[in-house]
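Student: Spelled out from the first residue to the last, the chains are:
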Amino acid sequence: MEANITGSILALTARVLSGASVRWIESQPDTCQRVYFANHTSHLDAVVVWSALPGPVRNLTRPVAAKDYWMAGALRRYLATRVFRAVLIDRTDIKVHNSPVAEMVRQIGDRDSLIVFPEGGRTPGPEIGEFKSGLYYLCKKRPELELIPVHIDNMNRILPRGEVLPVPLLTCISFGPPLWLEAGEAKTEFLERARDAVRRLKDI
Amino acid sequence: MDRVTLALVGGVLLLLIVATAVAYVLRRGTAGGVDAAVLEMFRIRVRAWWLLFACLAGAFVIGQTATIVMFWLISFWALREFITLTPTRPGDHRALFWVFFLCTPLQFFLVWLRRYDLYSTLIPVYAFLFILARIAMSGDAKRFLERTAKIQAGLLICVYCLSFAPALLTLEIADRNAAPADDIPGPNPPEASGEGPDEPGDAGSVDGEAGDVVPDANFSETAPRVANGRDAGGTTRLLFFFVLVVQLSDAFQFAWSRLPSRHVIVPTISPARTWEGFLGGTASVTLAGAALGFATPLEWWQAAVASLVIGLLGFAGGLTMSAIKRDRGVKDFGTLVEGHGGVLDRIDSICFAAPVFFHLARFFLAAS
Chain A
1061 MEANITGSIL
1071 ALTARVLSGA
1081 SVRWIESQPD
1091 TCQRVYFANH
1101 TSHLDAVVVW
1111 SALPGPVRNL
1121 TRPVAAKDYW
1131 MAGALRRYLA
1141 TRVFRAVLID
1151 RTDIKVHNSP
1161 VAEMVRQIGD
1171 RDSLIVFPEG
1181 GRTPGPEIGE
1191 FKSGLYYLCK
1201 KRPELELIPV
1211 HIDNMNRILP
1221 RGEVLPVPLL
1231 TCISFGPPLW
1241 LEAGEAKTEF
1251 LERARDAVRR
1261 LKDI
Chain B
13 MDRVTLALVG
23 GVLLLLIVAT
33 AVAYVLRRGT
43 AGGVDAAVLE
53 MFRIRVRAWW
63 LLFACLAGAF
73 VIGQTATIVM
83 FWLISFWALR
93 EFITLTPTRP
103 GDHRALFWVF
113 FLCTPLQFFL
123 VWLRRYDLYS
133 TLIPVYAFLF
143 ILARIAMSGD
153 AKRFLERTAK
163 IQAGLLICVY
173 CLSFAPALLT
183 LEIADRNAAP
193 ADDIPGPNPP
203 EASGEGPDEP
213 GDAGSVDGEA
223 GDVVPDANFS
233 ETAPRVANGR
243 DAGGTTRLLF
253 FFVLVVQLSD
263 AFQFAWSRLP
273 SRHVIVPTIS
283 PARTWEGFLG
293 GTASVTLAGA
303 ALGFATPLEW
313 WQAAVASLVI
323 GLLGFAGGLT
333 MSAIKRDRGV
343 KDFGTLVEGH
353 GGVLDRIDSI
363 CFAAPVFFHL
373 ARFFLAAS
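The listed protein sequences derive, respectively, from chains A and B.
Numbering-wise, the first sequence is residues 1061 to 1264 according to this note's numbering.
Numbering-wise, the second sequence is residues 13 to 380 according to this note's numbering.
If we strip away everything but chain B, and leave its shape as in the complex, we get:
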């Protein structure tokens, strides 16, 4: 682990310890006027953060394959919760079997293979068509479109969207933090090649020479990227940044919505989400993202834009899941599975933000 990663991980660890301590202290003095339900919610969140942090930190140490496997398991469990709450008919059984045991692992396997062309189409194209055809073959036409749509939606949200989080690891980037030019050993002293074209006195006659040297310098600057294929530290930090910003966005929106002034956005879906929480949370997380940008391969303003988008999508994800849960008449995906604490409740914002953040980061990194 390099210094930047260490600082990032250490900082988050510190934050978690503080959050745990706060939760502990608040629980000891319950008479302190803190709402017990809010406190319980906070404790559950802190526990989920620890788990997420342990998984990610473990993945830093063990390697990227471990990260991808971990996201596959999270995905599998989330899909379990989603389909459990979705009414299905016996005719869906075989299709569901393949959804769980073929589509889900295959998606993450393709991410592991770094085959963007395949993992970006597997579920929206091939699995989409397969589910329709397989359920048609079962011979049960009752509420056909409704049933297929529910399974497809579950697969898209819980597996396809989520798989773009570990797919961040497969992005190709030149890391500006880890590879400054003077670190590169080579035949050309970096000063000579770097300053060559800048010298104003050498105009005309040196042009040819400079032209020879500059591509060389460019080559030696990109050499580490070519040598390892991709920069593992940079992508791992990008994933860490993403998960951290999503969680911060959730926390900020929650905190801002506790303000005394409350203008609920969609009272029929979620009475907890207010304009105050949404605007304050999104603004805060944009600032936080800009400040954390140093740890990623992104420029600070790119990190800020990405954080803003994460804030918006995190909100959209939470609201969408609330709508699904409201329709099914439950408060949490976890209420059905007591003791297993709804995984889907914790990752809804990650699911929505992951594909968009992935493509935004891909665009920024290709442009830089």
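Chain A extracted, bound-state conformation:
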């Protein structure tokens, strides 16, 4: 309950501070199981996407985040485990039987949605980097999940890589139409298609 209230306050604060305008392009907010995948340019990306979702959807949506970063310090741990209910991935301990994708699938069950950043790390500059294959393997395991491309505009100017102090520019979060992994679609083709879906939102 108190985590819910903290979440609402945090989401509102994030929206006011980032001045985010949210656009749903050929797409609607829904509580069905989804994977939101976005370009990644700043530390605040996960919070910004998460807070752009309407309350009921937000409560079912969990960002995928690095365990080493989010378990350091009591505040971060509280936010990650209680408020965002993040799916924490241990970057130092990746094995075949304990892969991040298996962990995600296990944790979301048949109820939760995910926010992922398939570029892996934060990409400097305005271009969107190559997607890592995690998204593909996630879809292989759960092909019925709706994939929603998300484009985050301007965050690389608000808090660029290596900067601590933000500049309060206005962001724009665009949610695009859902896509699915086609039967028999090759990995590289699928990843390129997904990346294009994000890139296209930038110009609309």
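Be careful, since some hints might not be right.
Stated by the list, open to error - Anything over 10 angstroms on all C-beta distances counts as not near chain A; from chain B, calculated:
#: 1; residue: Val16
#: 2; residue: Ile95
#: 3; residue: Pro102
#: 4; residue: Ala267
#: 5; residue: Trp313
What the hints assert, rightly or not - Beta-carbon label-pair distances, calculated as ranges:
#: 6; chain 1: B; residue 1: Thr32; chain 2: A; residue 2: Leu1072; range: 24 to 30 angstroms
#: 7; chain 1: A; residue 1: Arg1260; chain 2: B; residue 2: Ala148; range: 35 to 41 angstroms
#: 8; chain 1: B; residue 1: Val278; chain 2: A; residue 2: Lys1262; range: 46 to 52 angstroms
#: 9; chain 1: A; residue 1: Leu1072; chain 2: B; residue 2: Leu114; range: 23 to 29 angstroms
#: 10; chain 1: B; residue 1: Thr280; chain 2: A; residue 2: Glu1190; range: 29 to 35 angstroms
#: 11; chain 1: B; residue 1: Val137; chain 2: A; residue 2: Lys1247; range: 43 to 49 angstroms
#: 12; chain 1: B; residue 1: Val34; chain 2: A; residue 2: Met1131; range: 55 to 61 angstroms
#: 13; chain 1: A; residue 1: Gln1167; chain 2: B; residue 2: Leu25; range: 15 to 21 angstroms
#: 14; chain 1: A; residue 1: Arg1260; chain 2: B; residue 2: Ala161; range: 54 to 60 angstroms
#: 15; chain 1: B; residue 1: Arg127; chain 2: A; residue 2: Arg1259; range: 55 to 61 angstroms
#: 16; chain 1: B; residue 1: Pro99; chain 2: A; residue 2: Ile1085; range: 51 to 57 angstroms
#: 17; chain 1: B; residue 1: Gly341; chain 2: A; residue 2: Trp1240; range: 33 to 39 angstroms
#: 18; chain 1: B; residue 1: Pro99; chain 2: A; residue 2: Leu1072; range: 38 to 44 angstroms
What the hints assert, rightly or not - With a cut-off of at most 30 angstroms between alpha-carbon atoms, the simulated BS3-like pairs for lysine-lysine come out as follows:
#: 19; chain 1: A; residue 1: Lys1200; chain 2: A; residue 2: Lys1127
#: 20; chain 1: B; residue 1: Lys154; chain 2: A; residue 2: Lys1201
#: 21; chain 1: A; residue 1: Lys1262; chain 2: B; residue 2: Lys154
No lab work stands behind these hints: they were computed from the structure.
Cβ coordinates follow ideal geometry from the N, Cα and C atoms, glycine included.
For this one, chain A is given, so just place chain B on it according to the hints.
Tutor: Same frame as chain A, now just chain B:
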């Protein structure tokens, strides 16, 4: 609130209610032949007017500090929109941080301190030099002059120029409406001192006496000003008058440009601005300003001149912003920030008119 302020605020409130009612009625009967785009524009404007009015009316009640804080927030948001639309490079990041979080609040703090010498130089001198040096230090020389100029222009328009609107509150004026001579309690009956020098019969011998009395009378007349330092009601009404006349000027120019006869002034920048709108709007707002002058510390003809200047600058502000937006390929600063409705679109004329109106009012008040 005194009677004049009440009349001014009440009148504007009435006007707003009428405008809202008109917008509502027009929307109910959309088949009435009114262009839907124009109607939508009108509705957005009415909403912005309400917001502006609420802020100003609130500031009347809470006090001048609240007004200055409100203008700081408007300024901050406008600068946000301006810089968001301006391409910057990672090398500008640190300079931008200081622009937003140091220069902007400091400017309004200096206005609050009433330090004209400082707030009139902070941005055109110190921030100007700082931005150049800070971006040079970042080590990115690509399109250096272009980048610095854009940030400086944003800071000057959105912060420096706009800050002269709340700076109206810091003007020192003797208020002719609120302080007529017979209101002043004092040892000298005002009749005696006021009529002393006018009596023709007392020539030569009384000269000395009159000379003694007149400065006294002058002193007692200016006493209220000396006592409160400045007349708060008068400056607040001056700010209200300014914002009202700017908005009226926008509205008049828009209304006149709807005439069937249309001679567009600068078709490559703004197809909406016509000579008919410009001339008709400026003439109308000059008359309106003269009529509203009673509510300000200005004479009616001074108010008319000031309104004429506001009309000209409001036009210049709108046109300049159109040029910037056209260059950036957007229609409104608001299109980038849907749902937050471009603040800069609403205040462009205020930004341009504020510093000039401030100095004009300062000149008139010092001369009177």
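Student: Against which earlier hints does the structure fall short, listed by number upward?
Tutor: Of the numbered hints given earlier, those the structure breaks are 2, 3, 8, 10, 11, 13, 14, 15, 16, 18, 20, listed in rising order.
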